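Colleague: As given, the protein sequences belong to chains A and B, one line each in that order. For the first sequence, the residue numbers in the numbering used here are 1 to 414. For the second sequence, the residue numbers in the numbering used here are 1001 to 1148.
Derived from the structure by calculation, the hints contain no laboratory data. Quick caveat, the model's predicted, so the values are computed rather than measured. Among the hints, a few may not be true.
[What the hints assert, rightly or not] A few chain A residues facing chain B, derived, Cβ under 7 Å:
hint, residue
1, His351
2, His353
3, Asp354
4, Pro383
5, Ala384
Where is the CB? At the ideal position from N, CA and C, for every residue including glycine.
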Amino acid sequence: MNAIQNPVEPFDVDSVRADFPLLMREVHDKALVYFDNANTSQKPASVIEAVDHFYRQTNANVARAVHQLGEEATAAYESARDRLARLLNASSRDEIVLTSGTTQAINLVAYSYAMPRLKAGDEILITTMEHHANIVPWQLVCERTGATLKVAPINERGELIVERFVDMLTPSVKLAGVTHVSNVLGTINPIAQLARETRRRGIPLLVDGSQATPHLPVDLRALGCDFYTVTGHKLFGPTGTGALWARKEILRDMPPLFGGGEMIREVSFEGTTFADPPHRFEAGTPNIAGFVGLAAAIDYVQGLGHARLRAYEQELLVHATQALKTIPGLRIFGEAPDKVPVISFLIDGAHAHDLATLLDHEGVAVRSGHHCAHPLMKFFGVPATVRASLAFYNTHDEIERFVAAIDKVRKLLG
Amino acid sequence: MSASTLYQQVVLDHYRHPRHRGAVDGFTHCAEGANPLCGDRLRVEATCDGHRIVKVGFAGEACAIATASGSMLGDLVANRSSSEVGAWADRFSRMIESGVADDELGELNAMRELQRYPGRRKCALLPWATLRAALAGVDRTTTESESR
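When you get a sec, could you build the whole thing from the sequences and use the hints?
Modeller: As structure tokens, this is what we get:
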């Protein structure tokens, strides 16, 4: 790993929590327990201050002004690209396209990479556990090209059935899309293993990294995939930030999706020549302050050290899972051995929304609903679940409060 | 704030023991109401004698708020004219948005805490919208398109 980390040093969650101003607030007169991190994460003071400082001291547009502020703004904005390249262990900063998030990143691949290559009879392979952001763009390009979408199944524990995925990598498959970590189940998919199979067959593999980067160290060179996406606001950065990573030779072959300023080399009414990647894909003025904040967020997380965070989060996962299992009638969805602290569950006789509203009364923020994964809900035969998703700033005490609140709510609804 | 101002006893009683539950023999009107984002799915069947509602029955899977709202609604609309249902639904909708009690709405006033829960109002409104759809001859409806 390239981050500063010392596995021997114990993880001091209290000092980490002090870095997150919002965690200090109360909800319904109770100390907040924020277990909705897979939805969006809270931001450390360093991120909030970076955004604030940018608007107070540096604000200017990027890549076009030669004045001092323009130079400073460009440097600050471009530093996010460097941080993302470092975070993902990319070969080059030019392989990082800055986007508004994973949804935009996947759509960019769907329309700029996949659509021009697809024809009737071709197939795209995804999995049952994908977020709608890794389903709907493919459906849209399939509609336009006559290609079809096929879906590799999962088992009852919420794991991808790797053999079935591999069997489905037939010659007609022109692209595969798999989430690195399931936003509902917490399952970590064996991306390196899948990528070996897709590469052997010459099929490009897109990995939705939205839920992975907040929890896992990601080494693109070890993973071996072809596209990887990042969502900034789940990675303790501002909303409206994210990235698409792809190898240079792939990006070079992709036409621009949006035209406008920033993405051109020369424009005339007879024709326009485009900038090289990654700027070719970054038309218009971007979320500059947001990316300045994202750079600070990545510095923050790498300063703590992903390996240390992962070890602590595993403790939280084990604790929460064991405690939830003591509650009568509670069913957990997603029991893969390799997962992050994201736990979906239901309780017999209680509707997910009632549970979430009543937990909110107890100061506990969880998400209820389908989590933008309708097909996965259908697989488990439920309309909705409650999802508790933890981050490294959550504590064992919060888990105890959460479980006590569930027990109270269960009795009320029972 | 009490832990269960919204989920007070009267709401929980209607949730645990909903009235106007199940199929209605020889129904004259029916509709499906579904909120796919929530996962709530109701079917209403109703018998009308001319314009008078004789019997209403709900079936399906729904949360406590939707279930209790449907149960209370059934009490309120029995023997009313079908044209009155729209007016009652509007009053109910106004009450949960304003949080101001409306004596005529009886037990439904327990739902006025929804004023503080914009995201859950669609749950309480689902049985109303479904019954209105049935009476208007519309097959299916949702309350999820309502802005929160």
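Colleague: Please go over all the hints and tell whether each is borne out by the structure.
Modeller: The hints, checked one at a time:
no., hint, in the structure
1, His351, "4 Å, holds"
2, His353, "5 Å, holds"
3, Asp354, "5 Å, holds"
4, Pro383, "2 Å, holds"
5, Ala384, "4 Å, holds"
The structure agrees with every numbered hint stated previously.
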